[in-house]
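Build the full structure now, drawing on both the sequences and the hints.
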Amino acid sequence: MLFSSISFIYYFLPISMAFYLLTPKRFKNITLLLVSLLFYFLGEPVYTLLLVFSSVSDYLHSLYIEKHRGEKKAKYALISSIVINLGALGFFKYIDFFITIINQILKVQIPVLGVPLPIGISFFTFQTMSYTIDVYRGEVKAERSFLSLATFVCLFPQLIAGPIVRYSDIASELKHRVTDLSKTAEGVQRFVIGLSKKVLLANGFGEFCILYRGAEQPSVLFHWMYAIAFTMQIYFDFSGYSDMAIGMGKMLGFTFPENFNYPYVSKSITEFWRRWHMSLSKWFRDYVYIPLGGNRVTKVKWIRNIMTVWLLTGLWHGAALNFVVWGGFFGTLLLLEKFIYGRQLERLPAIVKHIYVMFLVTVSFVIFNADTMRIAMSDLAGMFGISDLQYGLPLITNESLYYFKSYGLLFVFGFVGATPLVKNVVLQFKALSGKTSKSTTLAFSGFLSLFMIESVGSIVLLLISTANLISGSFNPFLYFRF
Amino acid sequence: MRANQSSINKITVVLFFIILFLISVSQLILPDKEISQAERRRLEQMPKVTSNAIMERELTDKLEKYLLDQFPARDQFLKSDAFVKQVVFQRQDIGGVYQYKTYLSKVLFPEKTNDIAYITNKINTICETYLSGMPIFMTMVPDKGYFTADRSGKPHIDYDAFESELKSKLNTSLKYVSLLDSLHLEDYYKTDAHWRQEALEPVVKVLNKEMSNPTTENSIVYDNLGEFKGVYYDKLFNTTEPDQLITVKVPGWETAIVTYADEKKVAAIYRLDMLDHLDRYDTFLGGPQSLVYIENDAAQTDKELVMFRDSFGSSIAPWFIQTYKKITLIDLRYVDVDKLNQYVSFSNQDILFLYNTTVLNNKINFK
Numbered sequence: 001m002l003f004s005s006i007s008f009i010y011y012f013l014p015i016s017m018a019f020y021l022l023t024p025k026r027f028k029n030i031t032l033l034l035v036s037l038l039f040y041f042l043g044e045p046v047y048t049l050l051l052v053f054s055s056v057s058d059y060l061h062s063l064y065i066e067k068h069r070g071e072k073k074a075k076y077a078l079i080s081s082i083v084i085n086l087g088a089l090g091f092f093k094y095i096d097f098f099i100t101i102i103n104q105i106l107k108v109q110i111p112v113l114g115v116p117l118p119i120g121i122s123f124f125t126f127q128t129m130s131y132t133i134d135v136y137r138g139e140v141k142a143e144r145s146f147l148s149l150a151t152f153v154c155l156f157p158q159l160i161a162g163p164i165v166r167y168s169d170i171a172s173e174l175k176h177r178v179t180d181l182s183k184t185a186e187g188v189q190r191f192v193i194g195l196s197k198k199v200l201l202a203n204g205f206g207e208f209c210i211l212y213r214g215a216e217q218p219s220v221l222f223h224w225m226y227a228i229a230f231t232m233q234i235y236f237d238f239s240g241y242s243d244m245a246i247g248m249g250k251m252l253g254f255t256f257p258e259n260f261n262y263p264y265v266s267k268s269i270t271e272f273w274r275r276w277h278m279s280l281s282k283w284f285r286d287y288v289y290i291p292l293g294g295n296r297v298t299k300v301k302w303i304r305n306i307m308t309v310w311l312l313t314g315l316w317h318g319a320a321l322n323f324v325v326w327g328g329f330f331g332t333l334l335l336l337e338k339f340i341y342g343r344q345l346e347r348l349p350a351i352v353k354h355i356y357v358m359f360l361v362t363v364s365f366v367i368f369n370a371d372t373m374r375i376a377m378s379d380l381a382g383m384f385g386i387s388d389l390q391y392g393l394p395l396i397t398n399e400s401l402y403y404f405k406s407y408g409l410l411f412v413f414g415f416v417g418a419t420p421l422v423k424n425v426v427l428q429f430k431a432l433s434g435k436t437s438k439s440t441t442l443a444f445s446g447f448l449s450l451f452m453i454e455s456v457g458s459i460v461l462l463l464i465s466t467a468n469l470i471s472g473s474f475n476p477f478l479y480f481r482f
Numbered sequence: 483m484r485a486n487q488s489s490i491n492k493i494t495v496v497l498f499f500i501i502l503f504l505i506s507v508s509q510l511i512l513p514d515k516e517i518s519q520a521e522r523r524r525l526e527q528m529p530k531v532t533s534n535a536i537m538e539r540e541l542t543d544k545l546e547k548y549l550l551d552q553f554p555a556r557d558q559f560l561k562s563d564a565f566v567k568q569v570v571f572q573r574q575d576i577g578g579v580y581q582y583k584t585y586l587s588k589v590l591f592p593e594k595t596n597d598i599a600y601i602t603n604k605i606n607t608i609c610e611t612y613l614s615g616m617p618i619f620m621t622m623v624p625d626k627g628y629f630t631a632d633r634s635g636k637p638h639i640d641y642d643a644f645e646s647e648l649k650s651k652l653n654t655s656l657k658y659v660s661l662l663d664s665l666h667l668e669d670y671y672k673t674d675a676h677w678r679q680e681a682l683e684p685v686v687k688v689l690n691k692e693m694s695n696p697t698t699e700n701s702i703v704y705d706n707l708g709e710f711k712g713v714y715y716d717k718l719f720n721t722t723e724p725d726q727l728i729t730v731k732v733p734g735w736e737t738a739i740v741t742y743a744d745e746k747k748v749a750a751i752y753r754l755d756m757l758d759h760l761d762r763y764d765t766f767l768g769g770p771q772s773l774v775y776i777e778n779d780a781a782q783t784d785k786e787l788v789m790f791r792d793s794f795g796s797s798i799a800p801w802f803i804q805t806y807k808k809i810t811l812i813d814l815r816y817v818d819v820d821k822l823n824q825y826v827s828f829s830n831q832d833i834l835f836l837y838n839t840t841v842l843n844n845k846i847n848f849k
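Chain order of the listed sequences is W and X.
Be aware that the first sequence starts at 1, since it is given in the working numbering, and climbs by one per residue.
Be aware that the second sequence starts at 483, since it is given in the working numbering, and climbs by one per residue.
Since the hints were made in silico from the structure, they are not lab data.
Accuracy of the hints is not assured; some may be wrong.
[Unchecked claim] Here are the simulated lysine to any residue pairs, SDA-like style, with alpha carbons at most 25 Å apart:
#1 Lys547/X with Glu207/W
#2 Lys561/X with Val713/X
#3 Lys561/X with Tyr262/W
#4 Lys544/X with Ser471/W
#5 Lys405/W with Pro592/X
Structure below.
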């Protein structure tokens, strides 16, 4: 069930919230767990067992680790837990990828299994693994209550597409959390903003990408517009989803970690990855990069550590060569910034640094979105006027010019929306509206302004997004495939 | 400020959940609709809840479609969406549909040369296989964009080049008849893609002349069947007036025997039973039909006509019953070219290929 679906917004969300709010405090986790399992069951009836198994497995492993802390048994239990989690991930997500590689290398014909990918497996296995590792490291105590742990693992807002919430992030809220009006209102606004980003912006860019694939008159302009459109789509799609998850978390009394911080305003690739999919970057930093030695090793090993993390990051996104190349591309860029031109980059004017980042990020997402490396190369070549290994693709065609006009304003909205500009303007406006005034008229106008921004704004965006959904517009979630 | 913020928080939360509950409750209470007149399609009905449907994940998919289709005030939401796309995002078209003056039109662009080659090859194959030595005519009906696209700054195919492309690829035994100069924007419905039957007299004259037919009589009666909301009606935010569905009663229209092969029945040339259907244009020869035979013993000649056609053919065919004793209409979307002689006995009929540019630019329309 998509967050941006009528069944979720108008049925699942209000009904589950009503049940949750009506449940006495000490039974809230039970309600939340049941609602979360129902949420997953509606999308993945069979694999719900896998989710339950994952919860039980990590619950038992962590208790065992705690019981045998300091002993070898704890280490074996940790290894067992990691093997089970990675085994499940490897089987469901990567088995066919590896079979295909083996077939190509050894010239054999092992049949691919075609096992459907359980939704959200990349997210919930990483969450449960981080929990067991944290218990082993002594950073968190093993959860005695299975209910609390299962609620953490299955919590529906972040279950299938993140942010990757660690047990330590919400451990205290699993026991005691406050659901007050202020937090709920924040949650509602955040949810609606996320929904609008997803439906009004990401889906619009998605439509454009489909038009590009069906284009009859390719041109350099069309290739660039596609590259930028997908760069925008993936940002608004994923950050919109994260906003909805964080918003719903707030409505339920949880504070999930932020996942995006306007990555497209970055002035280096290093900064970009501090702002993009932050929960994943931190996961790899804490559970792969630092255990490998981080930067406190020889230069060669440091390079190895960085490349390992980035190739794995690529692979995490999908079982295909283009994702590995995408990860390797960023790993290489980060190495170049660290060892070759990082200092020179810092001295460049801000605009040049922005162009540098956005050019490389755009190129990277062209690789990311291609079904095969051949398509990726063809898309990239088109951006530079090359088609079928020959230079001479027209700069502009009537078709690309028409779509440029038709989608131009969407691009403008996208560019503005990807910066903190709107947020800052709203905050300034709210600050001005909220200034205490002794005059009744001014106080009322302040109240009215706040009312218009927060209450009316949220409702208008909700209804506009609903209208878009009803019109049957394009509505997939990109990160569902990961 | 804190008091203000607290009140705003309350209002936001209450408004949000009231809207969610109001919409969901009203959706549950309101009776389900069978069809959407605005979209001219059947709406999804409540799916059956079975264990199989749940386990196969069909239920959630069907339920979502059902909820979308039966959403309260669906038509108003669709209009609002069109408004946002047209006014806020300044989209040049909505699903390809745009407005020029009071005419709604659809972008046809670009020219698909591969598809044209495929289609002309199909036509040539038919000519070579079945129509050797017969008088064969081909005509292309320009879509409304021929008159509207350029004037409203929309991209469009080069219609002259399109015709040249057709002519150059078609078998030389075909005589090509151009209609580009015989048609005007006013000859089309404002809210639909099709031409208006009552406006086709000049086109019929051109075709009759090219096919060496006698001049037809002018004792024609026009019958207004009421409002017609075409395929583009309601697609945009700004509404246009519905069209009028007018039929022509040429001599012989009442006595002609029309056999609808798909339905295995004989019925009238104007199917008034279709006026209740989603597409009132189906009144013309019953809408999409693979094979239709029209016989008129009172025709001016003993000639027969075989017309390979799309939906534009449905409204022009009745004009020819004055001339032809038998007209056979074939829609190649539903008839396998390899089995044509199973349905039609080709002897010495006049052959007319009549297709709209939209159909000729997309090979999916030819089996």
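Do the hints match the structure? See the list:
Of the pairs offered as hints, the one joining Lys547/X and Glu207/W holds, with about 20 Å between alpha carbons and a cut-off of 25 Å not exceeded. Between Lys561/X and Val713/X the CA atoms are separated by roughly 15 Å; this keeps the pair inside 25 Å, and the hint holds. A distance of roughly 33 Å separates the Cα atoms of Lys561/X and Tyr262/W; the hinted pair therefore is violated under the 25 Å criterion. Annotation: proposed proximity of Lys544/X to Ser471/W holds, straight-line Cα distance about 16 Å (limit 25 Å).
Restraint check for Lys405/W and Pro592/X: the C-alpha separation of about 16 Å stays at or below 25 Å, so the hint holds.
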